[in-house]
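Same order as they appear, the protein sequences are chains A and B. Each residue of the first sequence is one higher than the one before, starting from 61 at the first, in the working numbering. Each residue of the second sequence is one higher than the one before, starting from 27 at the first, in the working numbering.
Treat each hint with caution, since some may be false.
[As the list claims (entries may be wrong)] If you only want the chain A side, here are some residues facing chain B, beta carbon under 10 Å, derived: (1) R94; (2) Q96; (3) E98; (4) D101; (5) A103; (6) T104; (7) V105; (8) Y107; (9) D132; (10) W204.
Hints are computed from structural coordinates only; laboratory data are not their basis. C-beta: ideal position from N, C-alpha, C; glycine also.
Here is what each chain is made of, one letter per residue.
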Amino acid sequence: MKHFRTCLVLCASLVLFSGGCKLFENSPPVVSFRIQPEVGDTATVFYLDATDVTDIRTAAWQLQVRWDFNSDGMWDTEFSHVKENAWKYHQEGIYQITCECTDTKGNRSALTLPVRVQNPIRDSLLTDSRDGQTYRTVFLFNRWWMAESLRYGQSVDSTAAVKDNEIPEYYLNPAGIVSPFGGYYTWPEATNYERDTSRGICPEGWHLPRVEDHAGLEDFCQLGYFTKKYLGIGGLFHINLERSGMYHVPSGTWHRTGTWSEYWMTIPGRMKGFVSWMHFSFNDIPKIYYDADFYVPEWIGWNNDWGFFTYKKTAIPVRCVKDE
Amino acid sequence: MNRAIPIFGLLSILAFGSCNNDLDLVYYADPIPVVYGILCPQDSVHRVMIRRSFICGDSVEHYAKQPDSVLFGTVQVNMEVRSDEGSVLERYNFQPEVFALRNEGFFASAPNILYATRSTQPVNPLIINTFDKYTLTAYFPEIDKSIIAETWIPPVLMLASPARLDPFEMDMLVEQSIRFVWQQSQTYNIEMITVFNYLEEINYEWIPKSIKHKRTYPHLGKNQYASREELSLNGDWFYPMVGGRIKKDPSVSARKFVSIDFLFFTIPAGAYDNYLYTQYPTDYSESTFSNIINGQGLFTAYSRRELKGFTLGTASIDSLVSGKDTRDLGFVRW
Numbered sequence: 061m062k063h064f065r066t067c068l069v070l071c072a073s074l075v076l077f078s079g080g081c082k083l084f085e086n087s088p089p090v091v092s093f094r095i096q097p098e099v100g101d102t103a104t105v106f107y108l109d110a111t112d113v114t115d116i117r118t119a120a121w122q123l124q125v126r127w128d129f130n131s132d133g134m135w136d137t138e139f140s141h142v143k144e145n146a147w148k149y150h151q152e153g154i155y156q157i158t159c160e161c162t163d164t165k166g167n168r169s170a171l172t173l174p175v176r177v178q179n180p181i182r183d184s185l186l187t188d189s190r191d192g193q194t195y196r197t198v199f200l201f202n203r204w205w206m207a208e209s210l211r212y213g214q215s216v217d218s219t220a221a222v223k224d225n226e227i228p229e230y231y232l233n234p235a236g237i238v239s240p241f242g243g244y245y246t247w248p249e250a251t252n253y254e255r256d257t258s259r260g261i262c263p264e265g266w267h268l269p270r271v272e273d274h275a276g277l278e279d280f281c282q283l284g285y286f287t288k289k290y291l292g293i294g295g296l297f298h299i300n301l302e303r304s305g306m307y308h309v310p311s312g313t314w315h316r317t318g319t320w321s322e323y324w325m326t327i328p329g330r331m332k333g334f335v336s337w338m339h340f341s342f343n344d345i346p347k348i349y350y351d352a353d354f355y356v357p358e359w360i361g362w363n364n365d366w367g368f369f370t371y372k373k374t375a376i377p378v379r380c381v382k383d384e
Numbered sequence: 027m028n029r030a031i032p033i034f035g036l037l038s039i040l041a042f043g044s045c046n047n048d049l050d051l052v053y054y055a056d057p058i059p060v061v062y063g064i065l066c067p068q069d070s071v072h073r074v075m076i077r078r079s080f081i082c083g084d085s086v087e088h089y090a091k092q093p094d095s096v097l098f099g100t101v102q103v104n105m106e107v108r109s110d111e112g113s114v115l116e117r118y119n120f121q122p123e124v125f126a127l128r129n130e131g132f133f134a135s136a137p138n139i140l141y142a143t144r145s146t147q148p149v150n151p152l153i154i155n156t157f158d159k160y161t162l163t164a165y166f167p168e169i170d171k172s173i174i175a176e177t178w179i180p181p182v183l184m185l186a187s188p189a190r191l192d193p194f195e196m197d198m199l200v201e202q203s204i205r206f207v208w209q210q211s212q213t214y215n216i217e218m219i220t221v222f223n224y225l226e227e228i229n230y231e232w233i234p235k236s237i238k239h240k241r242t243y244p245h246l247g248k249n250q251y252a253s254r255e256e257l258s259l260n261g262d263w264f265y266p267m268v269g270g271r272i273k274k275d276p277s278v279s280a281r282k283f284v285s286i287d288f289l290f291f292t293i294p295a296g297a298y299d300n301y302l303y304t305q306y307p308t309d310y311s312e313s314t315f316s317n318i319i320n321g322q323g324l325f326t327a328y329s330r331r332e333l334k335g336f337t338l339g340t341a342s343i344d345s346l347v348s349g350k351d352t353r354d355l356g357f358v359r360w
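Only chain A is shown next, with the shape it has when bound in the complex (with noise of 0.2 Å):
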């Protein structure tokens, strides 16, 4: 009796000793990398940084990387000690980034993460033939868009009301400036009161953006990139979306001035909208509303006295895209 209770505890001790080593020896390393920058064009070499990969029973420097710079499953370096590479694309597309790293008993595992390359941003200059001025244009996702807002018509009074007299009609910045803010025009000046609400009162060839011009941009948000050193002034993508924010014309007050971007769009079934951006409030991140319905401004912070002729009595410039 006494020998067979021996024997039953050294069973259970190397039963529980061999599952415990199996459980050691199975855990795969945890990979970790970064990418730098997380949006490049075909110029950019992406610096991938998997430094961080750890084990429990491997040493940091132990362990070993290997790259696949497309996930097609076929790998574009052999294993390696050295956990920072680097690599270019070129062609524009999202592209899946897999690391797989090794540990010394061979067991494996891999992380992938996207990173977006675009084509170099092009610009241009574009002359509105009705007055003979000058915008910047950037061709960003597919499309040309004006990198400044319009300023087509004339200026009036902040406290006077525009008046539907075939001529555009727009209200001046908080600081009495047209450029580089442009106009700001209520909803009737915008769409010539609505005889045009495609066009509005962009160029010959251009026209208020509509939801399907802003397609790459929406991507890009999705990544929750850093708008301003993208999208504001003097950022990369060249559109320069100045914090405009709105003017109430009736109570002659300013709105999100210096903190978000707004410009008119139009809505396909629902004519209305505007697109706001917003960004450089404290944690950065690009947001993009299209009000289509009553309750995405209150929601955004339109206030409710301004009532339900709002497209009327509020101001926003308008940028134009230009038709395909």
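Model the placement of chain B on the given structure of chain A, informed by the hints.
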């Protein structure tokens, strides 16, 4: 005995057979980009040198003299200013240019190709902050490889003293002719170079000359807090320095003082440590320092602050002419 014969035969076959398999010591591998770039944000044009490793079976000297062995055909070189998060804030394109001839040496001396920014492209100071970095990138189509290297952009040294940074007439006979005060950090080494400019008259011709004196202030250790560094200069240091550095020369009939310049260099700690390593290698250091990812070499930057054109007052020049440390050097008043 009978067994020994077949064993001996087998061993002989193995031994001679293995001799037939020549070990190929030269195996093809992609060339390794070798990059050297030491930049200064205050420069209007930046230059980097890019070479390649090569493999050859024999006659290494012959191959080293061939430009094709040490140069890549086409290289796309950019330098970017990237934020700490990795956003690209600015990009500068580098183009190949044939620079002045190199001295003859082991490697091909011509063409001496460097990659340079095309024109004056000063870094926009408005977008630079403490954590921004210079990022050098290069793509090599021949091998479909890219390299990348980063370095902090060193700030220009801020001086708490002197209050006036424009040059003035110094009096070397007072206790503090000039006093420099700055903040020393863990991140950067400070190098201060005092340049003493003068003219030498040789055969009735005045020739510009200068002597330099360097002081180094190493970066602080990890457990040290930022500290105030202070340096006061006066005649007790100045005249012996001039007297000790300028040699008496019978061919020089006279010397004239021109000006004193103070140059401050801010050098990243890592780069400076690497420089020291190259100067004083140890047995423990076996590998070469490199911060080029996918390549070899060094990419770093330093900042420069120049305070130029300081002059000496009449009494200070009198001491230079007839003082005990410098009277034999032939300085004259003018």
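Quick rundown of the hints versus the structure:
no., hint, result
1, R94, "8 Å, holds"
2, Q96, "3 Å, holds"
3, E98, "7 Å, holds"
4, D101, "9 Å, holds"
5, A103, "6 Å, holds"
6, T104, "7 Å, holds"
7, V105, "4 Å, holds"
8, Y107, "5 Å, holds"
9, D132, "15 Å, violated"
10, W204, "22 Å, violated"
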